[in-house]
Amino acid sequence: MVLSAFVVPDETSWAVWGHDIAADGLAIAGSPEGADVLVVPGHLPDGLSEAVKSAWASMPRRRRLIVLAGPLIEGADVRTLLDGNGHARVSQEGHRHQHDDPVADEHGHDAHGHDEHEHEQHEHGHDEHEHGQHAQEQDAHDHHAMMEVTGEPSADGLVMEDLEFELGPLSAVLPGGVMATLTLDGDVVESCGLRATLVSADLRVPDPLACAAWSAIQRDTEASMGRVFDVELERAVSHAAWLTRLGRVLGWAELADGARRILGHALSAREGHHEALRESLRAAERLHGRLECSRRLRFRLRGRAVVDRGTVEAYGLTGPAARAAGVAFDARVDDPAYGALGFAPALRAAGDAEARTLVRLEEIAVSLGLALRGLDHGADAPAAPAIEGPRGPLRHNAVSGGLEASGAAALLRVAGERAAGLEWSDAIAAITSFDLSGWRVAG
Amino acid sequence: MSNWTPLAVLAVALAGALAVALLEQLVGGLRPAPIAILRRAAALLDEPLSAPHRPDAWLYHLAPPLLLAAAMLALATVPWAPGFRGIDLSTGAILFSAALAYVSPAVFMAGWGSGAPLAVLGGFRFLALMLAYAMPLAMVVTAVAAPAASLRPTAIVEAQDSVPMLVSQPLAFVLFVPAAMAVALLPPFDLAHASAELGGGALGHYSGVHAALVGLAQRVLVVAVAGMTVTLFLAGWHGPLLPPAVWMVGKTVAVATLLLWGARRVPRPPLDWLVAWTWKLAIPAALGVIVWGGLVTLLFYR
Numbered sequence: 001m002v003l004s005a006f007v008v009p010d011e012t013s014w015a016v017w018g019h020d021i022a023a024d025g026l027a028i029a030g031s032p033e034g035a036d037v038l039v040v041p042g043h044l045p046d047g048l049s050e051a052v053k054s055a056w057a058s059m060p061r062r063r064r065l066i067v068l069a070g071p072l073i074e075g076a077d078v079r080t081l082l083d084g085n086g087h088a089r090v091s092q093e094g095h096r097h098q099h100d101d102p103v104a105d106e107h108g109h110d111a112h113g114h115d116e117h118e119h120e121q122h123e124h125g126h127d128e129h130e131h132g133q134h135a136q137e138q139d140a141h142d143h144h145a146m147m148e149v150t151g152e153p154s155a156d157g158l159v160m161e162d163l164e165f166e167l168g169p170l171s172a173v174l175p176g177g178v179m180a181t182l183t184l185d186g187d188v189v190e191s192c193g194l195r196a197t198l199v200s201a202d203l204r205v206p207d208p209l210a211c212a213a214w215s216a217i218q219r220d221t222e223a224s225m226g227r228v229f230d231v232e233l234e235r236a237v238s239h240a241a242w243l244t245r246l247g248r249v250l251g252w253a254e255l256a257d258g259a260r261r262i263l264g265h266a267l268s269a270r271e272g273h274h275e276a277l278r279e280s281l282r283a284a285e286r287l288h289g290r291l292e293c294s295r296r297l298r299f300r301l302r303g304r305a306v307v308d309r310g311t312v313e314a315y316g317l318t319g320p321a322a323r324a325a326g327v328a329f330d331a332r333v334d335d336p337a338y339g340a341l342g343f344a345p346a347l348r349a350a351g352d353a354e355a356r357t358l359v360r361l362e363e364i365a366v367s368l369g370l371a372l373r374g375l376d377h378g379a380d381a382p383a384a385p386a387i388e389g390p391r392g393p394l395r396h397n398a399v400s401g402g403l404e405a406s407g408a409a410a411l412l413r414v415a416g417e418r419a420a421g422l423e424w425s426d427a428i429a430a431i432t433s434f435d436l437s438g439w440r441v442a443g
Numbered sequence: 444m445s446n447w448t449p450l451a452v453l454a455v456a457l458a459g460a461l462a463v464a465l466l467e468q469l470v471g472g473l474r475p476a477p478i479a480i481l482r483r484a485a486a487l488l489d490e491p492l493s494a495p496h497r498p499d500a501w502l503y504h505l506a507p508p509l510l511l512a513a514a515m516l517a518l519a520t521v522p523w524a525p526g527f528r529g530i531d532l533s534t535g536a537i538l539f540s541a542a543l544a545y546v547s548p549a550v551f552m553a554g555w556g557s558g559a560p561l562a563v564l565g566g567f568r569f570l571a572l573m574l575a576y577a578m579p580l581a582m583v584v585t586a587v588a589a590p591a592a593s594l595r596p597t598a599i600v601e602a603q604d605s606v607p608m609l610v611s612q613p614l615a616f617v618l619f620v621p622a623a624m625a626v627a628l629l630p631p632f633d634l635a636h637a638s639a640e641l642g643g644g645a646l647g648h649y650s651g652v653h654a655a656l657v658g659l660a661q662r663v664l665v666v667a668v669a670g671m672t673v674t675l676f677l678a679g680w681h682g683p684l685l686p687p688a689v690w691m692v693g694k695t696v697a698v699a700t701l702l703l704w705g706a707r708r709v710p711r712p713p714l715d716w717l718v719a720w721t722w723k724l725a726i727p728a729a730l731g732v733i734v735w736g737g738l739v740t741l742l743f744y745r
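Which chain is which? The protein sequence lines are Y and Z, in order.
Using my numbering, you'd call the opening residue of the first sequence number 1 and step up by one each time.
Using my numbering, you'd call the opening residue of the second sequence number 444 and step up by one each time.
For the record, the hints were derived by calculation from the structure and aren't laboratory data.
For each residue, glycine too, the CB sits at the ideal point set by N, CA and C.
Be careful, since some hints might not be right.
[To be verified] Some chain Z residues near chain Y, calculated using beta-carbon distances under 8 Å:
| id | residue |
| --- | --- |
| 1 | L594 |
| 2 | S638 |
| 3 | G642 |
| 4 | G647 |
| 5 | Y649 |
| 6 | A654 |
| 7 | R707 |
| 8 | R708 |
| 9 | P710 |
| 10 | P713 |
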């Protein structure tokens, strides 16, 4: 029984940014009302400010704020934001470090050297009791008033009432930044529209979930083998973090634990312990072997949210979602640096949620292998016009001069369409299987 | 039942809940930290009561105590040793199912009272699940009681003097365990309050004292169903050499560990699949279990 944290934007993002929240001794809370701690980056993009204020307002009074050092996000300073609006004061007086340090106190075990995080910004112990109680309650009330019930008989003849509501941009159910407009008929999703709401003010990194890949495309004049290592390790970390999320969404702790093992080693490899790469690779291969013929995985994901070749081509899908449907779209295929390392893309034919899971799992192992060989290789990699990020290719648009992540918008559309008609747990599993990002590339 | 019975049940509940919380940490690969658990409970109790402006706020406030009351009542029917039991009614086994029947309205009230869309959905899901599961649970209890010719839990334990019910009625055990896990709100049957699927669902909006009550009730439920599983199927306190109470506690801890361990190893099935199989297979099978229980009684227990 540890402290529970509501994580902004979500725990998957923080894993990509180097913090495995669960391994740091915090349980992931499903809603701000049930959380003791709000975990936030120092600065918030526009799309999150209101949601974070609302989440903070609906937390119990003895709440704590943990500001973690994350990527360079430009936006409102979170402490000013929660301090300045009159209904949530972050008081420095309430600082009781010895008693309220959840990480130090409740720390059960340590997966990957927590000491290394100590120098980063951890702020604890903002106990709040009386500040602006009324305003907070009002705000929390508004938070729940977004549900609308309309009466219409459904197709099966049962007179059910449709439930219309919006989820996001902060919910434990969807990736941070993703907004869903939902109509439920009982527990069946009738329609689902998804959109990404976060825009990075940092023009060099439009999507902070793929920092290394965007940096690599920006460094197009430099030639370095380092980029293969960075990009591949980022892919492995991103996929492993996603797999942890899938395990939690499916209520399958064993899967989440297995994914977290891969993640922990990959993160420590990124912090410079290169020997952890092999550990991570071993863990990935072991999990891949187990899931490849797992009846439990098949039971939950086979045949769910099928995206066939035709859809991939019609919508312009890219990344693992395309490769799971047997379409070998992969920017790495044309990249001479990868040719030298003997790269072949992971492919599946089925195009369902199970295929997407297995493609990503295989890609974790491939990426870790490439990162290892990239280390040994040492030669210079020439610059590439496109880089394959964790969710698809990223490139400069030669015409507009801007940056683009092709396929991201189409992925949101397809995920929403495939969720329609499914029972809630299948719909959420289907949406999760697309590994959506809440960030969109502006312009 | 003496004047001390409520206190004894309370003591068993608190000690059992702490033990289950420790087991959860062990099974989850964490280092057990009893002090952290107690400190966490104290922090929750110290939290001022939240007073949400919700249309059905009274349901929201009433659900946690009702959940705990149902759990305590179920726990009280478990006999721990020949002289140490809670409520020793001649219909104790039925009282156990009846007490657990109150878990469903409590969870539904929590979901409805929270007023958030996914909490309401969680409440409805649990109701659908338990409508299907309450029946096999009660039917299995009846079948197991037949050889003892009594619904008194102590009599059922005595009837297993030589052969545990697990051996004579294995199908009943197979039906009972998932139903018990579902009513104890354990994964993979956590359809009402799944964290990543429903954002905490029906129980995710509680904080402070409410959250403490819900957390306690969930763990007491685990103790109650584990204890009743041992009573009905694993010969209760019977065992060689060691004192009866030690056997009973040891078996209960073993069953609770197995329940918590198994809960981590199976993905959560979708509600429609679960409900369909319960109605189509578990309920007819439970009828079969009753027939089997009758046959076993006629052939071996008379």
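message: Let me make sure I understand: some of the numbered hints might not hold for this structure. Which ones are they, in numerical order?
response: 1
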